[in-house]
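Chains as they are written, first to last, in our numbering: chain A, 1 to 226; chain B, 227 to 978.
It is worth saying that the hints were derived from the structure and are not from the lab. Incorrect hints may have been included.
Below, a list of computed lysine to any residue pairs in the SDA-like style, where the Cα atoms sit at most 25 Å apart [said to hold, decoys possible]:
(1) B:Lys574 x A:Ala62
(2) A:Lys36 x B:Phe497
(3) B:Lys646 x B:Glu963
(4) A:Lys38 x B:Lys574
(5) B:Lys733 x B:Tyr324
(6) B:Lys967 x A:Lys38
(7) A:Lys117 x B:Glu963
(8) A:Lys117 x B:Phe497
(9) B:Lys381 x A:Asp145
(10) B:Lys300 x B:Leu856
(11) B:Lys381 x A:Ile112
(12) B:Lys288 x B:Trp248
(13) B:Lys574 x A:Phe66
Covered stretches of chain A, going by a simulated chain B footprint (3 or more residues, C-beta under 8 Å) [claimed, not checked]:
(14) 51-63
(15) 111-123
(16) 174-180
(17) 190-201
This one's a predicted model, so the numbers in the text were calculated from it and none came from an experiment. Note that beta-carbon positions come from the ideal geometry of N, C-alpha and C, so glycine has one too.
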Amino acid sequence: MTARIGVVTFPGSLDDRDTQRAIRLAGAEPVALWHKDKDLQQVDAVVLPGGFSYGDYLRAGAISRFSPVMETVIEQAKAGLPVLGICNGFQVLTEAHLLPGAMLGNNHLHFICRDQKLRVENAETSWTSDYESGQEIHIPLKNMDGRYVADEYTLDKLEAEGRVVFRYLDFNPNGSLRDIAGITNEAGNVVGLMPHPEHAVEPLIGTGRTDGLPFFTSILKKLVGA
Amino acid sequence: MSRTPLDTVEHATATPDVELPWAELGLKKDEYERIVEILGRRPTGAELAMYSVMWSEHCSYKSSKVHLRQFGEKAPESDALLVGIGENAGVVDVGQGYAVTFKVESHNHPSYVEPYQGAATGVGGIVRDIIAMGARPVAVVDPLRFGAADHPDTKRVLPGVVAGIGGYGNCLGLPNIGGEVVFDACYQGNPLVNAGAIGVMRHEDIHLAKASGAGNKVILYGARTGGDGIGGASILASETFDDAKPSKRPAVQVGDPFQEKLLIECTLEAFREKLVVGIQDLGAAGLSCATSELASNGSGGMRVTLDDVPLRDSTLSPEEILMSESQERMCAVVEPEKVDRFLEICAKWDVIATVIGEVTDGDRLEIYWHGGKIVDVDPRTVAHEGPVYERPYARPQWQDELQADDANKLPRPATAEELKEQVLKLVGSPNQASKSWITSQYDHFVQGNTVLAQPEDSGMIRIDETSGLGVAIATDGNGRYAKLDPYAGAQLALAEAYRNVATTGAKPLAVSDCLNFGSPEDPAVMWQFAEAVRGLADACLQLGTPVTGGNVSLYNQTGDAAIHPTPVVAVLGVIDDVARRTPVAFQEHGQLLYLLGDTREEFGGSAWSQVVHDHLGGLPPRVDLERERLLGEILISASRDGMIDSAHDLSDGGLIQAVVESALLGGKGARLIVPDGLDAFTFLFSESAGRAIVAVPRSEEVRFNDMCGARGLPATRVGVVDGETVEVQGKFALTLEELRKVHEETMPALLA
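This is chain B alone, in the form it adopts within the complex (with noise of 0.2 Å):
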């Protein structure tokens, strides 16, 4: 894109009618205009670079704005929540001083491209944007979804993505916690590689991407200026996939996980010595993005000197510097006084640490390129008054056929036999079985501090050695539920992940979301969108935890498929001692299985009719969100009190799946009695929401009983932790040998 003379501001003004590629960098023909109306002249090459890389979907949420409005209009009142959306990740407050920020993120469309360096550099992008809010990172987890798991793509793709993020996630010393790994055909072509973080500090700790104080210095630090990722967010994230179009291999970044661990010491050294007035990592849109969000968030404006950026490359034009998106770098600005040990920790550690710009007292943010101004913009045109549009929405006409087509009415299991089999047939299901061939490849253990971590309901994480103070955090999300009922669908992602949460004893206090759709161009899906948002924004206000942040992904299609609807919930949970808390595994034979909830003939979008009958279709489980407050009020009093000693949630499987878990985990059986008032196949398979099971030892099951019925939670004895079988009584036995024979060859046998 070089052209000669330099594109300036003075050039720009003095040939107005210059054609530029704005088409080629994503931008369509009225986001241009607009361009040229805000600056009252034609951009520079530079600035042009800016806006199509920040208005792109990625950046700007255009399409999705006007929507995730109501996560802040019902945002349920919360006196946890310290710094909430529009920050680089939110921050909840988890008492004794700690603050705890947490986010999940996509890297869906790199991943497919270049599954390691797209999934690596995910983990690495979440990660910043905790340590830009002042916390040390202490765990990631990984929502993964992919195509069908016997399909040639899905062998190309998924080893991967599992070794892009144990290869990055390990190496910078962050225990992986939890996630899930879920394959449907609809992600074929279009896998969902979410990433999340939690980070841990001090309240007085917390930092914001602002750069205010004029005279105060910017500092970009971390690796050179490379040219990948140039036009990641707008070309690659913001597109669907197309045959016809070039391989977008270059627009795909390269991480480097050495140069970010030192990145993380080097950037906590410098929090802890009070250095940092303002900080932004550079992520999505790199420069741009870091100089327009900072100079916006800030009181003055800024002067950034381009030359100064290290480079890798040092043909790099000045519109490919700004748009480049080379991992683990970030952008902070410091008093002038305090830049020599500023540079001084950077040089410490190794470090590469370049004063690029200042602070100004105008409100214009300037960028200068062999001595001439190429920049000269309001930032806030640029970082946060994007496009926003009103995309048009409507219900499928399909959906009210999909809602008709009856999971219930499907052929069920005649026999005993049959019932058996099908059981086998589930446990063993791609869906339902182990992954520990996936999540052996990420470290568990690293930084001492994991009390739980998959396949437990969620990972914890003790935060204060003293105190056993901890956090627990889920993902959860289920693309068939969300695609027969988007509404309820984004609310049962969110029960299920307040659910888990709440099994392990922890108290869910918080949310981060990420939304990963199809193309926001067709109606059908811009609907799917608009009813999960208000179905979560909703839910979201009545269990009263509010949505502190997240990342939106669209054009998760391929030409005309797009994927189901996929609202996945990251739930952050409290729990005082970690001591309490509460494991999957059953513990000690002769404990009493107790069905917490009400089990109802619900088996639209369930495991069964996937595994069993390969359908989709009918109702997904009915919400019932006071059920699911008061079942999770329940667990955590059982947790802390020690009533119970194992608890798992029901969700997809349902109840035979989750005792077969806990069973195979503590190594110990099961006999389970079909209560009265239902049929063992709906007992066994259902998936009705706000369930769970749980193993009381016997001298507390007066106590337990009397809690559930003081409180009114229909709680039924189902059984008990028995032998060397799960057993459901007068209908069949399986051994554990053979139970776990099927559930963990599934994994090896597909991608080994």
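Next comes chain A alone, as it looks inside the complex (with noise of 0.2 Å):
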């Protein structure tokens, strides 16, 4: 019996299916999850994933959240499922505050596409155990609205909580306050991130790194208790 893993394709949803792909590549089963659809199929685990769903339009993952199946995400995430938001996932996570904070346009303007040196601040969570604290990872980053921001207040919180969980090293590529790539939920099961672990998981494939494939063994040792 491996862990069944859940991908939601929201309409605009972009890397749903190679966030399948890493996912069978971990050795789990993905499962496809559609945006009007409530029903999670009884996944043990939930991946909402990068893309530029309903467009981005008013304001990115501000439609997405509202979507039926994020009804039943935002109330087991609460009970304790876990939830990855990669990129535009992430920004739903947000809206959906799942996830404190919110996401803004890039502080240079432009989309920026690169491969990001990132510190894992956090190897705790579901989805990074298989990191040891401290370690540095490449993992491409692709986005448009990135410039993750937070009020004083909870900024400070987060990093008291050891809530960050990825920072940006060398370079901040969109301006995120505090260098922040990512973080996590006060229990740990909700996680995300900028940066696309699913495109850094095949040798041959993309920057040719598989810094990224750690995310999804975790979560599957997590689930299954190998």
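Reassemble the complex: the two chains are provided individually, in unrelated frames, and hints are given to aid placement.
Below, the structure written as structure tokens:
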């Protein structure tokens, strides 16, 4: 019995099939979830993939957050279901208030696509336990609205509670406050980040690194106790 | 244009003397007279609208057709070609049951008027061509040309174009894997925004643009039809810019990539369920094009009720609806019993879909509006039997003078220090500098199959995860070479793209082209065009790579000043296992650098002559297609058998440019030794064609040399991957840091 991990497809999701592939490569079973369907098909965890759901119209993630599937995701995430939001998925998670803060347009006003160096700040979450704290990794980043912002109180709280999961190293690609690339909720089951671990899972593809695979092996180990 | 009473066929017959605005719609007098002759009466307003857009240069190829025939007449024997010229895009067999469709098109004029939307909708249009063949789009490429890098208008046009391409392509989830960015004052006011796309399908999924089977329904789906882009093809793309005419902004379409993404998914789902008999995208000339092409390619006629077209603006006249180039629309022909399921899939994706007509057993295209018949034509006369011009052409008088102005006689660097300075100047010049400021605005990673992307020699996409089957694509063009000799210039563009595909380890299979020229009404431009087409057709025949389709963009000129003739050639290749691909970057210290091919003193049209002397004259490098083929074979064999770890084609900028790029990408330097029989300057800067530089692991040297020797390809050991500098022994050394600085700072300094 392996873990079943759902990947939600919103209209405008782009990396849903890539995420399914990453889950498969890690040894878990990907399950396609549809945004109009409240039923999560009893999956063990959910990934909200990257893309431009609803064209990023109004605000990135602002419309998807109200889709039927999200009602169930929000409810079950609060009850402990592991949820990972990648890029647009991270934006959806902040819009849904499963994670604090918000995402603004990149400070340089351009879309940016690059191989991004990160430091793993928290290797205790459901999605990062296969990393070591302090580990430096490279994960592709590609976004238009990736500038993480929150008020000082929230930022201090995130830092104090060890909830900053990833930080940009060497170069802050979008002006995110305190170089924050990814965060988690208090329970550590919900993680959101801007870079794309699903694009760093095969040695031949993309940047040729596999630094993103531990996301998917972390959750698999947690779920099946391997 | 609305007038009362409704201008029906009946009304047109009864009122033969009504004056129609044919000139305003871009038609010539004799063209209008021909329409009257075809119909045996004056056209209705709606018919005139259709003919005017479909007979425009952009849609009818009326000036280029007589020359383009050579691509068919001289087509090489190829087992790979599944669908050739004439469909939305060509289709090539790449093995294992997969077929690949690809095409390059221009969106030049709109991108000058409104850079963001012009470039964005260029991506949208080419992607719909790919979907219309039945394929899932898997990548895009963008060959771009702008005016002088430091011209103020370049700073308006380029960032908008790049943001538009990124904004649209990124939102569609298509990795951008290749293309070019070239600056030259000749493109001032006429930037070239070409867009290419590749799609993948199984052989059995190929779809064609034809309406067959009487009673089958015609379904328009996607965005509502609005007033944007009316006359885009006829007025914007088929005339030169002229200060005296009003702004053409309303003729540029506005794109909605989100809608297009839904269109892709919903179309592919309909294909999967085999619901579609024929399909056509709505691009240039909108519904006029889709209905007339579907009907004329099929076995029957077609009846359309225009009142059923969903509108964004209810005040649009029937003529405007027929001419509108609103984006993100497609037209499918579906059997009646499958219509419900088709509409259901559209609803699932929140895509508006409407039955607007049906296939009839006649041979007429009939369009109704408010109960009256406003179009009754033989669709072939609209879509395929437009005017054909034998435009006069003549070799311009200045051509001899230009060729006599020999670049090989330009003053060369006298000292090692001067040589070094010129290397730095070249590497940091806008055309040779790193384009990462631009390419980092494009998503390279989406879909998770990108094996290689710019600045690699070709983009490469894996298409089968199990077998590792992949395709590669490169686009190249050199307007400077083509200006010096359009025949050779077109061949050199093909040779370079062919070579770029081979350096990555893929076997070149087929060609698509985007032919960008000035006004066909100028005999000198027409001569350039005729020469370039002849050259390209001859070269495709010799290299065994058929032209599968493409696009002609004329009228790229302002006043009397035409752009350089700029044939842009895309070559598609296949690689059995992407794990065997060869990158540009140096991989390991100690590997041996081999220069493949012959180096001659060839500086005509070179980057060196442009950067150091601001000169264009002489002859372009000599073309030797048999050599290109041999070089390609060696590069592919060496990749497959693991004899080389990196490879880079030599083209503009010559050997030194290639070595610097490989060094910077790999973070490893190189020590070069000028080979016997060459001077350092020629060794570094010559642009002789048919060459590449490869890095050979020491353990493979004997085997590699034996292979080149046995097959008669000159291979000269010219250095070694080594250290943190690029050193030309006995001349100079430049640290990677220094080189990186000049190579990477140019674009941000000009554009950021």
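So, going through the hints one by one against the coordinates:
Proposed proximity of B:Lys574 and A:Ala62 is supported: the alpha carbons are some 21 Å apart, at most 25 Å. Distance hint between A:Lys36 and B:Phe497 is fulfilled; the C-alpha atoms sit about 22 Å from each other, no more than 25 Å. Simply put, B:Lys646 and B:Glu963 have alpha-carbon atoms about 15 Å apart, close enough for the 25 Å limit, and the pair holds. For the given pair, A:Lys38 sits about 15 Å from B:Lys574 by alpha-carbon distance, which is consistent with the 25 Å threshold.
Proposed proximity of B:Lys733 and B:Tyr324 is supported: the alpha carbons are some 15 Å apart, at most 25 Å. Distance restraint check for B:Lys967 and A:Lys38: the Cα-Cα separation of roughly 53 Å exceeds the 25 Å cut-off, and the hinted pair is therefore not satisfied. With a C-alpha separation of about 20 Å, the suggested pair A:Lys117 and B:Glu963 falls inside the 25 Å cut-off, and the hint holds. For the proposed pair A:Lys117 and B:Phe497, the alpha carbon gap of about 41 Å is over 25 Å, so the pair is violated.
Distance restraint check for B:Lys381 and A:Asp145: the Cα-Cα separation of roughly 23 Å lies within the 25 Å cut-off, and the hinted pair is therefore satisfied. Annotation: proposed proximity of B:Lys300 to B:Leu856 holds, straight-line Cα distance about 22 Å (limit 25 Å). Proposed proximity of B:Lys381 and A:Ile112 is supported: the alpha carbons are some 19 Å apart, at most 25 Å. Annotation: proposed proximity of B:Lys288 to B:Trp248 holds, straight-line Cα distance about 17 Å (limit 25 Å).
Proposed proximity of B:Lys574 and A:Phe66 is supported: the alpha carbons are some 17 Å apart, at most 25 Å. A count of 6 residues in the segment 51-63 of chain A with a Cβ less than 8 Å from any Cβ of chain B is obtained; the coverage claim is therefore met, three being the minimum. Under a criterion of three residues with beta carbons nearer than 8 Å to beta carbons of chain B, the stated coverage of the segment 111-123 of chain A is upheld, 4 such residues being counted. Counting residues of the segment 174-180 of chain A whose CB lies closer than 8 Å to any CB of chain B gives 0, so the stated coverage by that chain is violated, three being the minimum.
As drawn, the segment 190-201 of chain A meets chain B at 4 residues by the rule of a beta-carbon pair under 8 Å; at three or more, the given contact holds.
Violated hints for the displayed structure, listed by number in ascending order: 6, 8, 16.
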